Amino acid sequence: MTVCYRLCWQGHAANSGYGAEKRGGRWNPKGIPVIYAAATVSLAALEILANSAFLPQDYTATEIQIPTEMHIEYVALDSLPRDWDAPVPISETKDIGARWIQQQRSGVLCVPSSVSPTERNFVINPRHPDFPLITFGSPRSFKFDPRLKAVHSA
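To convert, count from 1 in the sequence shown and add 347; that's this note's numbering.
It is worth saying that the hints were derived from the structure and are not from the lab. On a predicted model such as this, the values are computed, not experimentally measured, just so you know.
The calculated BS3-like cross-link candidates involving lysine-lysine, where the alpha carbons are at most 30 Å apart (straight line), are:
| no. | residue 1 | residue 2 |
| --- | --- | --- |
| 1 | LYS369 | LYS490 |
| 2 | LYS377 | LYS496 |
| 3 | LYS496 | LYS369 |
| 4 | LYS441 | LYS496 |
| 5 | LYS441 | LYS377 |
| 6 | LYS369 | LYS441 |
| 7 | LYS377 | LYS490 |
Hey, can you work out the whole structure from these sequences and the hints?
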């Protein structure tokens, strides 16, 4: 079994893919739902902090269990285009994800993290036929350590 973690706003479903569908992401174009997760809670937090001006509040952490029998496709770091990890995602990485989704090659795509390339993130396709095999745990409150970034006060 592969275990990964998703951090999201309290009250948002960790298993919908709606946020990525609405905005797009590094591995998906806008309009295509995917669920982004990380190999560890700390990497998931780092990914969020890299994209936040202030310390996020009201988050939850959800453990995700991917069964051994479910195929995970891996993207090798050395196969990626130049600037794949640019702060603003490039079209080539979105295209990689779009092809993976369109071809339904697997329900999970394991990719290098753009903020820590030796670590791995997981892109989960909620429309893949194997998606029901994945188990999403109960969300637990997650608080970012205030030493990591300034807290925004309204």
